[in-house]
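Chain residues, written in single-letter form:
2 protein chains.
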Amino acid sequence: MFSAIDMEEHVVRPIGRRGESRARVLEAAVKLFSENGVSGTSLRMIADELGVTKAAVYHQFASKEEIVLAVAQPAVDGLTSAADHAEQQSPPHARFDAALEGLVAVVIQQRASAVVIRDPVAARLLETHSQYRIALNRIQDFLIGSEPTEEARIALALLGGSLFVSGTDPALIAVGADRLRATLQETARNLLQPFRPPA
Amino acid sequence: MFSAIDMEEHVVRPIGRRGESRARVLEAAVKLFSENGVSGTSLRMIADELGVTKAAVYHQFASKEEIVLAVAQPAVDGLTSAADHAEQQSPPHARFDAALEGLVAVVIQQRASAVVIRDPVAARLLETHSQYRIALNRIQDFLIGSEPTEEARIALALLGGSLFVSGTDPALIAVGADRLRATLQETARNLLQPFRPPA
DNA sequence: GTCTATAGGGAGATAGAC
DNA sequence: GTCTATCTCCCTATAGAC
Chain R
0 MFSAIDMEEH VVRPIGRRGE SRARVLEAAV KLFSENGVSG TSLRMIADEL GVTKAAVYHQ
60 FASKEEIVLA VAQPAVDGLT SAADHAEQQS PPHARFDAAL EGLVAVVIQQ RASAVVIRDP
120 VAARLLETHS QYRIALNRIQ DFLIGSEPTE EARIALALLG GSLFVSGTDP ALIAVGADRL
180 RATLQETARN LLQPFRPPA
Chain X
0 MFSAIDMEEH VVRPIGRRGE SRARVLEAAV KLFSENGVSG TSLRMIADEL GVTKAAVYHQ
60 FASKEEIVLA VAQPAVDGLT SAADHAEQQS PPHARFDAAL EGLVAVVIQQ RASAVVIRDP
120 VAARLLETHS QYRIALNRIQ DFLIGSEPTE EARIALALLG GSLFVSGTDP ALIAVGADRL
180 RATLQETARN LLQPFRPPA
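If you read the sequences in order, they're chains R and X.
Residue numbers for the first sequence follow numbering that gives the first Met the number 0, beginning at 0 and rising by one.
Residue numbers for the second sequence follow numbering that gives the first Met the number 0, beginning at 0 and rising by one.
Accuracy of the hints is not assured; some may be wrong.
Since the list can't tell identical chains apart, any single copy or any two copies may satisfy a pair.
Unchecked claim - Okay, derived cross-link-like pairs now, SDA-like style, lysine to any residue, Cα gap no bigger than 25 Å in a straight line: (1) 53 / 148; (2) 63 / 129; (3) 30 / 194; (4) 63 / 39; (5) 63 / 197; (6) 53 / 171; (7) 30 / 109; (8) 30 / 53; (9) 63 / 42.
It should be emphasised that the hints constitute simulated quantities derived from the structure, not laboratory data.
Turn these sequences into a full structure, and let the hints guide you.
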């Protein structure tokens, strides 16, 4: 069944645990996506970055789409958690606060995932991912209510732009997480204050 | 010199004036860039959109890079004009006001050009365009001074994100120019207020 | 200003050996 | 888990006729 060589592989390469190769592919993909965009990054570039062939990458992911979705998944999970946490608060103002802080926290923790929505095609792909749409809609409800005015929708879109650059602008990479979080929360509060859902 | 046929061409096809074909290429390019991104748009797609062949497009522009730069040029010119106009004001607060209003006006009038900076490779290309860098630096000086603090640079980056989505977010396309301009000016003022250059 | 034709290369993806 | 080899298609760009 298992040869001595197989056993030894497990001893001398503890690094080869299940999922390690997938993670390395995603790491390389995020780096290249942020430099060249999703459409500007080929599977060959990802393979070269890892020092392997394209076929090795295709062993981990069936398609480029799968890689894109896997890159975005941590952020999608973060948004879902943020919506769950906000929902557990009882007064509406506490839900607003929790949703806003959760949203900013995802941007801070998952900055890299923003590269996906920078590409229009990848962004559309993500929008077909129901978990993503649902989480965003729930957070939107907590922030500006379920029937927002046009002004509220504009404000939310402008906030989205600010959050987006926080994840993609090279000039902000050097900024510490704490300072960036504080600025984002203040900015978000100022933008959305007039449109908070009624109690 | 000019044959009768040449003359007749001018009569029956007044539409074929110099530059018309270039303009049609740019119009198609902007549309496709916004749908698929710059890297996701091929010259074949542009040609198909116009009902011609790739070679016809190459007759107007020597390369894809040239198309990208030509798409961005109206915005670059707008930024330069805005910087010129701000410079003519004398008190610093008037320069701030003029720079801010000029910047917002460019975003409103040249929304389509934002598609170029959505692509990381195209954005880098644009940054090698000295007229663009110079205009942006001048406007930055009027808004947050020539030696901004880190907080000021963060605020300016966040504003940049909001301006950027104004040009690219499909949800904002339906918003009237006047309402969007007013919201952007207010947002920009709130974001930059604490960092205005000293008088 | 538009066409056909072509060059030279890279894309995503698959088959099958090790 | 990685490889070589290959398929098919599309890419940017150019040459030269009309």
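Here is how each hint holds up against the structure:
no. : hint     : verdict
1   : 53 / 148 : neither (49 Å within a copy, 45 Å between copies)
2   : 63 / 129 : within (19 Å within a copy, 36 Å between copies)
3   : 30 / 194 : neither (37 Å within a copy, 33 Å between copies)
4   : 63 / 39  : both (12 Å within a copy, 14 Å between copies)
5   : 63 / 197 : neither (44 Å within a copy, 51 Å between copies)
6   : 53 / 171 : neither (33 Å within a copy, 40 Å between copies)
7   : 30 / 109 : within (13 Å within a copy, 31 Å between copies)
8   : 30 / 53  : within (17 Å within a copy, 33 Å between copies)
9   : 63 / 42  : both (7 Å within a copy, 23 Å between copies)
Comparing the model with each earlier hint shows violations of hints 1, 3, 5 and 6; every other hint is respected.
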